[in-house]
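*Asks:* Just so you know, the sequences run in chain order A and B.
When the first sequence is numbered by our numbering, its final residue is 104 and no position is left out of the sequence of numbers.
When the second sequence is numbered by our numbering, its final residue is 175 and no position is left out of the sequence of numbers.
Hints are not guaranteed to be accurate.
Covered by chain A, per the in silico footprint, the following chain B stretches (three or more residues, Cβ under 8 Å) [claimed, not checked]:
#1 34–41
#2 55–66
#3 69–77
#4 108–120
#5 128–142
Computed, partial: chain A to chain B, Cβ under 8 Å [as the list claims (entries may be wrong)]:
#6 Ser5
#7 Val61
#8 Ile99
Worth flagging that the hints you see were computed from the coordinates, not collected in a lab.
Just so you know, these numbers come straight off a predicted model, no measurement behind them.
Every residue, glycine too, gets a C-beta built ideally from N, C-alpha and C.
Letter by letter, the chains look like this.
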Amino acid sequence: MGSDSLNTYLLVAGFLLVAGVYGMVQKRSFIGMLIAVELILNGAGLNFMAFNKFLAPDPAVGQVITLIVMGIAAAEAALGVSFILAVYKKFRTIDPGRIFTLKG
Amino acid sequence: MHFYQIIAEIIFWLLVLITIGGGFLAIGARMLIHSLMGLSITFLGVAGLYIYLGSFFISLLQVLIYGGAICIVLVFGIMVGYTPRQIVETRIRGENLLLAVPTCGLAVALLYFAIRRTGWVPAAQRLADYSIERVGHTLLYDFCLGFELISLLLLVGMIGAIIVVNSQEEESGGQ
């Protein structure tokens, strides 16, 4: 265990994944859930970079994939916040449990 | 072990501590803005870990995109969309917390054992070229489709965000 061991990075990334899933279940607001999703994406990026350093044949590929994940995260955050603002303007609530117009 | 290596290890474990502590703050804080602060601390910790993983470029982009752009967007969402009384999170009910915490702890433990038991095999021939030139070449030649799709996604995301927010304003203005 140390900075030259793959397992350390994988464990930190696993913690970020589990923390993100926990936050998505536990948070009672849309912004909180968005924050949890960012944690999961960060864990994924860390995993890619770790495998890139220790196992992959070409170290440029993992960096490129991490860049693509960052781009998707940026688009997702911008769209998510705009949806949250639209939902907030229409329903006047931040509680995801109280928005049930489509419920059968 | 050399003196500088010991210092590097200490800084590495500090970064791991920052990342994990920020994660706990992000999911455990009661106020949304504190939760966001924990998220940005996690971003900076992961940026430091990227330096240890050999890529200064990705570390800079992590600070720029995650620590800069995404945090600003989320702060903007908290400031504009929420009235001050609603910024405080309502806590989850007790029985759900009793289920969620052991489940997540079990997930971390299972991941730990799975990672420990797996014998990772490095590739037979490995390049050691972390330069930005190599990244740019790979991005624009081998991953050209992904690059183009990302630009298309960002364009559609921008236009979509503007349309979603504007259409709501028109509807509420007409009522």
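*Asks:* Confirm or reject each hint.
*Replies:* So, going through the hints one by one against the coordinates:
Coverage of the region 34–41 of chain B by chain A holds. Counting CB-CB distances below 8 Å, 3 residues qualify, and the rule asks for three or more. Beta-carbon proximity to chain A at under 8 Å applies to 7 residues in the region 55–66 of chain B; the threshold of 3 is reached and the given coverage holds. Residues of the region 69–77 of chain B with a Cβ under 8 Å from some Cβ of chain A number 6, which satisfies the need for three, so the listed coverage holds. Look at the region 108–120 of chain B against chain A: 6 of its residues bring a Cβ nearer than 8 Å to a Cβ of that chain, three or more, so the hint holds.
Counting residues of the region 128–142 of chain B whose C-beta sits closer than 8 Å to any C-beta of chain A gives 9, which meets the bar of three, so the coverage hint holds. Because the beta carbon of serine 5 of chain A sits about 10 Å from the nearest beta carbon in chain B, more than 8 Å, this interface hint is broken. Taking 8 Å as the C-beta contact cut-off toward chain B, the hint placing valine 61 of chain A at the interface holds, the least distance being around 6 Å. Interface restraint check for isoleucine 99 of chain A: the shortest CB-CB distance to chain B comes to about 14 Å, outside 8 Å, so the restraint is violated.
The structure fails to meet hints 6, 8 from the earlier list, while all remaining hints are met.
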